[in-house]
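Q: Residue numbers (the working numbering), protein chains in the order written: chain A, 1 to 230; chain B, 231 to 548.
Source of the hints: derived by calculation from the structure; they are not laboratory data.
Careful, some of the hints might be misleading.
Using 20 angstroms as the maximum straight-line C-alpha spacing, the simulated EDC-like pairs for lysine to aspartate or glutamate come out as follows [stated by the list, open to error]:
#1 K316(B) / D56(A)
#2 K273(B) / D513(B)
#3 K263(B) / D56(A)
#4 K149(A) / D181(A)
#5 K316(B) / D53(A)
#6 K263(B) / D206(A)
#7 K384(B) / D397(B)
#8 K263(B) / D280(B)
#9 K471(B) / D372(B)
#10 K471(B) / E545(B)
#11 K88(A) / E266(B)
#12 K88(A) / D277(B)
#13 K316(B) / D535(B)
#14 K273(B) / D206(A)
#15 K316(B) / D530(B)
#16 K49(A) / E365(B)
#17 K398(B) / D447(B)
#18 K384(B) / D373(B)
#19 K384(B) / D421(B)
#20 K88(A) / E274(B)
#21 K88(A) / E153(A)
#22 K88(A) / E138(A)
#23 K49(A) / E23(A)
#24 K316(B) / D44(A)
Residue strings, one per chain:
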Amino acid sequence: MRVLSIDTSGRFNEIGLVDGDREHGGLVWEAAGNSLRDIILNIDLVLGKARLDLADVDGLAVGVGPGSWTGVRVGMTVGKTLAYATGKPLCGISSLDALAYQGRNVPTLLCPMVEAGRGNIYAAFYQAQCGTAIRRGEHYAGNISGLLKLVKEPILFLGDAALLHRQAISESLGSLANFRDPAEEVRGYGIAALAVARFERGERDDALSLAPLYLREPLIKALLAQGRRD
Amino acid sequence: MVADGVILSNVVASQVDLHARFGGVVPEIAARKHVEAIGYIIKEAIDSADRNLADIEAIAVTSIYGLVGSLLVGVAAAKSLAYILKVPLVGVHHIEGHIFANILSNPSLPMPCVCLTVSGGHTMLVYVRGLCQYEVLGNTLDDATGEAFDKIAKFLGLGFPGGPIIDKLSVQGDRAAFPFPRPLRNSKTLDFSFSGLKTAVVNMFKDRERATLPVADIAASFQEAVVEHLVSKTLQAASLKGVSAIAVTGGVASNRRLREALSERCNRERYRVFFTRPDLCGDNAAMVAAAGAARLRYGDVAGLDLSVVPHAPLESVA
Chain A
1 MRVLSIDTSG
11 RFNEIGLVDG
21 DREHGGLVWE
31 AAGNSLRDII
41 LNIDLVLGKA
51 RLDLADVDGL
61 AVGVGPGSWT
71 GVRVGMTVGK
81 TLAYATGKPL
91 CGISSLDALA
101 YQGRNVPTLL
111 CPMVEAGRGN
121 IYAAFYQAQC
131 GTAIRRGEHY
141 AGNISGLLKL
151 VKEPILFLGD
161 AALLHRQAIS
171 ESLGSLANFR
181 DPAEEVRGYG
191 IAALAVARFE
201 RGERDDALSL
211 APLYLREPLI
221 KALLAQGRRD
Chain B
231 MVADGVILSN
241 VVASQVDLHA
251 RFGGVVPEIA
261 ARKHVEAIGY
271 IIKEAIDSAD
281 RNLADIEAIA
291 VTSIYGLVGS
301 LLVGVAAAKS
311 LAYILKVPLV
321 GVHHIEGHIF
331 ANILSNPSLP
341 MPCVCLTVSG
351 GHTMLVYVRG
361 LCQYEVLGNT
371 LDDATGEAFD
381 KIAKFLGLGF
391 PGGPIIDKLS
401 VQGDRAAFPF
411 PRPLRNSKTL
421 DFSFSGLKTA
431 VVNMFKDRER
441 ATLPVADIAA
451 SFQEAVVEHL
461 VSKTLQAASL
471 KGVSAIAVTG
481 GVASNRRLRE
491 ALSERCNRER
501 YRVFFTRPDL
511 CGDNAAMVAA
521 AGAARLRYGD
531 VAGLDLSVVP
541 HAPLESVA
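Only chain A is shown next, with the shape it has when bound in the complex (with noise of 0.2 angstroms):
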């Protein structure tokens, strides 16, 4: 099963491009405010390095955030859309599961974490089981030290945000604290890769409802809800 994966939920840009459990191809850009403009044309350049057509795809990926709100609108709307036009079924795969399926073979605690912007990251934990990494417990958005307050077993810390925050993280839990080389960061797959896991089981999104995963509401709600503007 061929799945294309579009994600710009995160500082990078990454499609994807497997064949079962075989990676086909793929690109990662830096978003720097432009991934509007390169997303239809690098979704062509990736295909056509697989002298592919997007109508040889069987299904379609797309990243659901959480991450940059205007970011993640994008990947949305342009996967929403190319599912929607060529009727090939769309699956949303949040950017915190893509991240932790990187660690799907610790055995520690694993902890995802993506930018939030103002200094905030959006977080959870996973556990690694049969081969995939499993969320325990809500999501979480906030501050890092709020987050690091949770923390009282040994874990691997994944993505850009964890390695932004490295030095804060390692300060409060010390040798607790488990980082990935940058090096061995693997972009562009998991979210495929897990598509490809929910298509096999038969489970797909729709296409016109799917929506992204904020986590925050905008700040005009969250004050609203404070009382503090009429």
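Keeping the supplied structure of chain A fixed, place chain B upon it in accordance with the hints.
A: Just chain B now, with coordinates in the frame of chain A:
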């Protein structure tokens, strides 16, 4: 969906109710709603036109002028469709869309003409030299007209959006009750300004209990000042350019008093006035399709690297 100047479908997912409690459009809320709605409205536009995706010969999208988060959802969807269907993609300036709403309404709109395009997001006088040829003559220096209506409606406790509410309420009020200032009255500029007028209204009544305010009279008098301002600058522009036709478009073009006052003035001074059909006054997609079709005839095709430009003068596409 538009074919040869005929509207086959025109689907609008309005967010008015969503933003009402904030008294204006919240960009992040708007963008979230767009990404939720986009698939449904594309499907509905095709289904209600009783056509298939394969019938589409080109895709037009507003790529210039507006909220960046909203523009990019539309452009991302449009690029995807153009890529899949292998049809040309055309980027349209939002204001040009409003001008084409008038052309859709009045296929025989004479050119050159002066077009007043006025909404909740902009207020502009455009000299339309010919199809897709524009010169901006005047612009608002502060608020858009619709925004000024919103703010006064909020001050009077009337709700959102202010334009239609004030328009309706004004029927019961005396438009000569309060002599609010007419902005830039003795100036040669073709620009607009609403902040002084707004402040004058607020200052006159800010110390009064809201319940005791003569709301209908204030609404009618405020609307009259706004309308007079719009009408006088529009006529000034028409005279400067020596045109015989005036077009009026945009959300505020559906304002009853604006239509009445401008028609009277144009009648008296022998201008022909062309209003956009009420159902095409507000933001809609048919106007963008019409503008795109015209641009396509001039060979204006965008690449699949099309991006969004939140602020760019209309002349940049002329």
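Q: With reference to the structure, classify each hint as holding or not holding.
A: Right, here's what the structure says about each hint:
Annotation: proposed proximity of K316(B) to D56(A) holds, straight-line Cα distance about 16 angstroms (limit 20 angstroms). In summary, the hint linking K273(B) to D513(B) is supported, as the alpha carbons are separated by about 19 angstroms, within the 20 angstroms threshold. Taking the CA atoms of K263(B) and D56(A), the gap is about 32 angstroms. The hint is violated against a cut of 20 angstroms. Taking the CA atoms of K149(A) and D181(A), the gap is about 24 angstroms. The hint is violated against a cut of 20 angstroms.
For the hint linking K316(B) to D53(A), the alpha-carbon distance of about 12 angstroms falls within 20 angstroms, and the restraint holds. Among the hinted pairs, K263(B) with D206(A) is consistent with the structure: their alpha-carbon atoms are about 17 angstroms apart, no more than 20 angstroms. Our distance criterion of 20 angstroms between C-alpha atoms is met by K384(B) and D397(B), whose separation comes to about 14 angstroms. For the given pair, K263(B) sits about 26 angstroms from D280(B) by alpha-carbon distance, which is inconsistent with the 20 angstroms threshold.
The straight-line distance between the Cα atoms of K471(B) and D372(B) is roughly 25 angstroms, outside the 20 angstroms bound, and the hint therefore fails. For the suggested pair K471(B) and E545(B), the alpha carbons sit about 17 angstroms apart, so the restraint of at most 20 angstroms is met. For the given pair, K88(A) sits about 19 angstroms from E266(B) by alpha-carbon distance, which is consistent with the 20 angstroms threshold. For the hint pairing K88(A) with D277(B), the CA-to-CA distance comes to about 19 angstroms; that is within 20 angstroms, so the pair holds.
Of the supplied pair hints, the one linking K316(B) and D535(B) holds, its CA atoms being roughly 14 angstroms apart against a limit of 20 angstroms. For the given pair, K273(B) sits about 13 angstroms from D206(A) by alpha-carbon distance, which is consistent with the 20 angstroms threshold. Straight-line distance between C-alpha atoms of K316(B) and D530(B) comes to about 16 angstroms, which keeps the hinted pair within the 20 angstroms bound. With a C-alpha separation of about 46 angstroms, the suggested pairing of K49(A) with E365(B) is violated against the 20 angstroms cut-off.
As the CA atoms of K398(B) and D447(B) are separated by approximately 12 angstroms, the hinted pair is consistent with the 20 angstroms bound. With a CA separation close to 15 angstroms, the supplied pair K384(B) and D373(B) stays within the 20 angstroms bound. Between K384(B) and D421(B) the alpha-carbon distance is near 25 angstroms, which puts this suggested pair outside the 20 angstroms criterion. Note on K88(A) and E274(B): the hinted pairing holds, with a Cα-Cα distance of about 19 angstroms set against a maximum of 20 angstroms.
Annotation: proposed proximity of K88(A) to E153(A) is violated, straight-line Cα distance about 43 angstroms (limit 20 angstroms). With a C-alpha separation of about 31 angstroms, the suggested pair K88(A) and E138(A) falls outside the 20 angstroms cut-off, and the hint is violated. Between K49(A) and E23(A) the CA atoms are separated by roughly 13 angstroms; this keeps the pair inside 20 angstroms, and the hint holds. Distance hint between K316(B) and D44(A) is fulfilled; the C-alpha atoms sit about 12 angstroms from each other, no more than 20 angstroms.
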